[in-house]
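Please dock the two separately framed chains into a single complex, following the hints provided.
Sequence lines, in order, name chains Y and B.
Each residue of the first sequence is one higher than the one before, counting from -19 in my numbering.
Each residue of the second sequence is one higher than the one before, counting from 46 in my numbering.
These are computed hints drawn from the structure, not numbers from a lab.
Check before you lean on any hint, since a few could be wrong.
[What the hints assert, rightly or not] As a list, the in silico SDA-like pairs of lysine to any residue whose alpha-carbon atoms are at most 20 Å apart:
1. Y:K(-4) <-> B:R150
2. Y:K(-4) <-> B:A146
3. Y:K(-4) <-> B:V134
4. Y:K134 <-> Y:R205
5. Y:K(-4) <-> B:I148
6. Y:K134 <-> Y:A163
7. Y:K(-4) <-> B:G138
8. Y:K(-4) <-> B:V135
9. Y:K207 <-> Y:T128
[Unchecked claim] Pairwise CB distance ranges, derived in the manner of DEER restraints:
10. B:V135 <-> Y:A69: 49 to 55 Å
11. Y:R64 <-> B:P64: 35 to 41 Å
12. Y:K(-4) <-> B:R151: 17 to 23 Å
13. B:F62 <-> Y:K66: 40 to 46 Å
14. B:P64 <-> Y:A69: 45 to 51 Å
15. Y:I58 <-> B:L123: 37 to 43 Å
16. B:V135 <-> Y:V61: 37 to 43 Å
17. B:I50 <-> Y:K(-4): 35 to 41 Å
18. B:F142 <-> Y:V61: 44 to 50 Å
We treat Cβ as the ideally placed atom computed from N, Cα and C, and that holds for glycine.
Listed here are the chains, written in short residue letters.
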Amino acid sequence: MPEHETPEQVDGLLEKIADTALDDDYYVVRSGVSEQPHGFNTVLTGVVLAVFALLVAIAAIQTRSDRPATERERETLINDVNSRKKLLAGRETTAARLRDEVVGLRASVGGFDAAFEDLRLLAGDRPATGPGVRVQASPGRGLQGTITDRDLQKLVNAFWYAGAEAIAVNGKRIGSLTSIRVAGGVITVNYASIGAPFEIRVLGDPDALEDRFAQTVVGRDWERRRKSAGVTFGVTRSDDLTVEAAPKSRLTVSHAQALKGDA
Amino acid sequence: MIPVIGLALGVIAGLVFQPTVPTNLQPYLPIAIVAALDAVIGALRALGERRFNDRVFVVSFISNVVIAAFMVYLGDQLGVGAQLSTGVVVVLGIRIFANAAAIRRRIFHA
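Isolated chain B (complex conformation) (with noise of 0.2 Å):
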């Protein structure tokens, strides 16, 4: 019940407050966005394995999103922003089609 309270209270704080992102973090948004993502169907799947564990969701959560901002922003010190965050993105995306599949898998046996 909390999560959906939480995940509830994020979206209604995002809708009253609008707050708005300063210019410079605007190209780290999306990506942190897809590492997040890619956290979430992890944990979701784990739920669905039953070996999830809440601080292993916090710690992969925030890595996610800190690593992937973090090697956006060395790409885009290096030139490279574009193609570091196309890597990124690929590489997150692999992992939550694989994750999902896997939640498919349990969910349908198919």
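Excised from the complex, chain Y in its bound form (with noise of 0.2 Å):
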């Protein structure tokens, strides 16, 4: 017997497992019948490689058909994952195109909010125009013919009772800040310098600002002063008056805060 076919004397398992490869059972039988047909060509060696070729060709059917699976997983991920995005996308278009709606509907408040623009009216911040009377007043003689920031103020406050919707002094428009004051020995109304002569513009019921007017004591005060001292005073009607709006800075309110609930 040759020597490889003693393998019990090899050291080292790699060794000892390649000198071993074949195994001993074919020594063994060979042995034990001497000169029996080798027996390849039998159905028993046929079976079993057909169960060979059996478990290769599954194998490798399998492979072969759970790569497309794989493939098919990763496709579908890769779509969902774009989908997503496009979806993300018009999400955010939209987000977009809503915020530009709330700040363009903001902006566009002011000009179709009634209830707003009234307020704004009122308070002197838009021009107006309308029937009212103009007020022209002039400084006369004497002490008692100066015209001082008080007789304008009393001026028009007695307008405001006669029913007055909006007043200008000078083209200054009273607004719900305006002080009418004398700094320096000058007038100002919205901290603007005013002199004489003095022009009134009143918007409201022509008939009821003049008629109120004149019973005020205001009003005859005026009247008699025009006698005495030579003032200049007249109320003449007018069917379309303009006023400008107040300064911004006179509409401005930075400390005073709504009390809530009260709308």
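Written as structure tokens, this is what we have:
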């Protein structure tokens, strides 16, 4: 028997494996039953080989059919991601559009909200036009003839009483925060200096304004001063008067806050 | 002739029926094939050395496949399935190469 047929002498696991690569049974059977036919061309061998071929075929087919499934899964995932991205982009576009719409609506509120516009008109935030009376006054002689800030205050106040809806003194619109005062000997309205002659435009019902103003103490006082001190004072009716808007600085509220629940 | 017919029949059967391996058995199929390949290469070598015996071939084939599959199964249960699979593949691979080398030596005398 050749050397390589006695594998027990070899040391080392891997070498032993390599040396005993052929199952010992082949040697045992050979020595036990001598001169027996090799028996290769038998049904048994054929069956075993058929099983082997079947195994290989199954494995190959399985691997091959699994691959498309994996690829399909991957493609589905990619499509999913893409569709979600598209959805996200669509949503973002919609969000941007809605945001623009909100901005536009906010900006256009001033142009469409009637109640808001009335309030702006009332507050002197918008130029106004309509019927009313025009008052012209110029100083006369002496102390009595001097027109002071207090005189103008009383005049404006008397017209508010008489039913004025908008008043402008020398073009300075009287707003919610307007003051009429004297500073350095000069009368200021809305912190802007004015001087004689004074022209006061009052919007409202001309008849009511004229009649009710004439009955007030202020109206009578001015009438008296016109006669005694040479003050120029005239109230003329007009059907088409225009007053400017009050300056923004006189319409801005920064500290007062509306009470909650008092809409 | 019969072995060749058996081989062809196995391939044809696999292609025609396309049986699907149950998911539980799928990890064992590659190992079983390597083990079977070892038995087949060993048989080829034995054939060349005129020692072939069909009963030995059958027994070695079946035992190879079963033991290899069982080892992988055991490894899976112990949580070292991948390592045991590698071990089985290495051992069987060495055997396959050794047998193939023996066949080559016999055929080419080199």
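When you take the CB atoms of Y:I58 and B:L123, is the distance between them in 37 to 43 Å?
-> holds, 38 Å
Sort out whether B:I148 lies within 20 Å of Y:K(-4), counting only the CA atoms.
-> Holds, because 18 Å separates the two Cα atoms, which is no more than 20 Å.
Restraint status (C-alpha distance of Y:K(-4) to B:A146 at most 20 Å) = holds, 15 Å
Sort out whether B:G138 lies within 20 Å of Y:K(-4), counting only the CA atoms.
-> holds, 13 Å
Given pair status - B:V134, Y:K(-4), alpha carbons within 20 Å = Distance of about 16 Å is within 20 Å: holds.
Confirm or reject the claim that B:F62 and Y:K66 have a C-beta distance inside 40 to 46 Å.
-> Distance hint for B:F62, Y:K66 holds at roughly 44 Å.
Restraint check for Y:K(-4) with B:R150, where alpha carbons must lie at most 20 Å apart = holds, 19 Å
Hint consistency between Y:K207 and Y:T128 [alpha-carbon to alpha-carbon, up to 20 Å] | holds, 18 Å
Is the hinted range of 35 to 41 Å satisfied by the C-beta distance from B:I50 to Y:K(-4)?
-> Since B:I50 and Y:K(-4) have Cβ atoms about 37 Å apart, the given range 35 to 41 Å holds.
Between Y:K(-4) and B:R151, does the beta-carbon spacing fit 17 to 23 Å?
-> For Y:K(-4) and B:R151 the Cβ distance comes to about 22 Å; the hint holds.
Do the beta carbons of B:F142 and Y:V61 sit within 44 to 50 Å of each other?
-> holds, 46 Å
Cβ-Cβ distance between B:V135 and Y:A69: within 49 to 55 Å?
-> holds, 53 Å
Consistency with the previously given hints is maintained throughout, with no hint failing.
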